[in-house]
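Undergrad: Chains as they are written, first to last, in my numbering: chain A, 1 to 277; chain B, 1 to 105.
Worth flagging that the hints you see were computed from the coordinates, not collected in a lab. Beta carbons: idealized from backbone N, C-alpha and C, even for Gly. Warning: the hint list may mix true and false statements.
Once the Cα atoms are required to be at most 25 Å apart in a straight line, the calculated DMTMM-like pairs of lysine to aspartate or glutamate come out as [stated by the list, open to error]:
(1) K149/A / D201/A
(2) K74/B / E84/B
(3) K149/A / E233/A
(4) K74/B / E30/B
(5) K5/A / D63/B
(6) K71/B / D21/A
(7) K74/B / E28/A
(8) K149/A / E72/A
(9) K71/B / E28/A
(10) K74/B / E57/B
Computed footprint of chain B on chain A; a stretch qualifies when at least three of its residues, placed anywhere within it, have a C-beta under 8 Å from a C-beta of chain B [unchecked claim]:
(11) 31-45
(12) 48-54
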Amino acid sequence: MRNQKLQGALLRAASLLAPGDQRAGWLEEWRSELWYIPRRRATRFCLGAFRDALWLRRNSLSAAKHTGIHLESPLSCLAFLALLAVASTLAAVLLPAPKGMLPSSHLRARDLPLFCVVTLLYTGLLLPVMRLAMGRTAAGLRPVRWPHKLRRAVFLALKIALVQPMMFCGFAAVGLAGTVPVAPIAVCAFWMLTLRWVLIDQQRRCPVCLRLLTNPVRIGTPSRTFLEWYGAESMCARGHGLLQVPEVSTSSAGGVQWLRLDNSWSSFFVHPTGARQ
Amino acid sequence: MADGPKLSHTSAMILQAVATGHIYGYTVMEVTGLPSGTVYPALRRLERDQLIRSQWERRALADAALRPPRKYYKLTRAGEAALEVTRKRYPLLTKLTPLEEVPDA
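Kindly produce the complete structure, drawing on both the sequences and the hints.
TA: Put into C-alpha cells, the structure is as follows:
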C-alpha cells in the first residue's frame, strides 16, 4: 500500500515536468501502464516517467509557445527582466558575501559596478561558447533592413545587461552555500542557463517587430533530409515573416533562416498593411 | 541517404518489437529489456517521426476486462520501410523478438 502511494506520488511529481496541455493525457497513460507492471518493478518503472516527461517538454512545440506568453512584446520582456534585476540586486545586497572575497560581510552598493564588470566579462566568454553549444548559427537576416538589425542588437544588449544582476545574485548565493563543494559549479550552470535563455529568446523573436513568433509547426521528416529540410517553422503574428529552424544542419539547410513575407500576404494577418513596418 | 532513415540500435529494437506484435509500452520493455525511461520517449520519438502510430484501446473493451485501457502502437508504411532498411544494418535484429499474438484493438 505504501509503495503504491510512493509510485502515485512519483508519477504526479513527474507529470509536473510534462507540458500543461498534455499533462492529463500523459498521466493517464503512465497510470494505465503502471497497472500492468509487477509490483516489485513498479517503483523503478515510475522513475522512468521523469525522463519521458522531460522528453515531452523538450519536444513539445506547445510548451515553447506557452512559456513565453507574457513576454510576447519586447517591452514586456524588458520590463520583466528589469523587475528581476531589481529583485536580484536587493537579494545580492541582503545576502552575505562569499567568504574571503570582500572585506565586508555583505555586498555594498559601491561594489556593484565591479561585480557587473566581472559578470560581463564572464558573459563575454560564455556567450560564444553557448552559441557553439546550442549548435545553431544566427538567423540569416539578409532580407532585414539595418535599422531593424540595429534595434535587434540593442534589444539583445539590453537583455544581457539586465540579466547581470541575476548573475551576481547567483554569485552572492555562494556566500550562503559556501561550505557546499558544488556551489560554484551550480552558479556556473545558472549563468549558462540564463545566457542560453537570452539567446533562445532572441532567436524566437521576429527580427522586424521583436515580438515572440507564434504558431510553431513541425515540417518534414528525418527520412527526407537528402532533398528537403526538416525542423520547425514559426510565424510572426503581424505577418513580417517565417522563421525556419532545421533540426539538423545539412548542405541544403545550414542554419536558422528568416523568410520575409511581402505585402501581398498582409490580408492573411490581423494588422492592415499600413501597420506593418 | 536515399535508402531511408538511420535508426539507432535502441530505436531499431523498439521498432522491431512493435513490428513483431509487442504493441504496448510494457511488452516492448519486456522483450527488449530496456528501461521505461528509454522505451517511452523512444516510442514518442518514433511516433513523431511517423514511423509508428498510436491508438487508445476502446474504453468499453477495457472496462469489460476490468482493467484500464491501453495504448497500442502500430508501424506505419514509412516505419515498415525504415525497419526493412534497419534489418539489413542490424542482421541479428530479426532473431531478437518472437512474434506475439496481437489482440484486437
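Undergrad: Given the proposed pairing of K74/B with E57/B, does the C-alpha separation stay at or below 25 Å?
TA: Given that 25 Å is the threshold and the Cα spacing comes to 12 Å, the pair holds.
Undergrad: Are the Cα atoms of K149/A and D201/A separated by 25 Å or less?
TA: At roughly 16 Å apart (the allowed maximum being 25 Å), D201/A and K149/A satisfy the hint.
Undergrad: Given the hinted pair K74/B and E28/A, is their alpha-carbon gap at most 25 Å?
TA: 20 Å, holds
Undergrad: Please verify whether K74/B and E30/B have alpha carbons no more than 25 Å apart.
TA: 17 Å, holds
Undergrad: Would you mind confirming whether the straight-line C-alpha gap from K71/B to D21/A stays at or under 25 Å?
TA: 19 Å, holds
Undergrad: Is the hinted pair K149/A and E72/A satisfied, with a Cα-Cα distance of at most 25 Å?
TA: 19 Å, holds
Undergrad: Starting from K5/A, check that the Cα of D63/B is at most 25 Å away, please.
TA: 23 Å, holds
Undergrad: Mind checking, does the segment 48-54 of chain A have 3 or more residues with a CB under 8 Å from chain B?
TA: It holds, with 5 qualifying residues against the three required.
Undergrad: Within 25 Å, alpha carbon to alpha carbon, are K71/B and E28/A?
TA: Within the cut-off at roughly 10 Å; holds.
Undergrad: Taking only the CA atoms, is the gap from K149/A to E233/A under or equal to 25 Å?
TA: Given that 25 Å is the threshold and the Cα spacing comes to 21 Å, the pair holds.
Undergrad: Below or equal to 25 Å on CA atoms is what counts here, so check K74/B against E84/B.
TA: 15 Å, holds
Undergrad: How about the segment 31-45 of chain A: do at least three of its residues have a C-beta closer than 8 Å to a C-beta of chain B?
TA: holds (count 8)
Violated hints: none; the structure is consistent with every hint.
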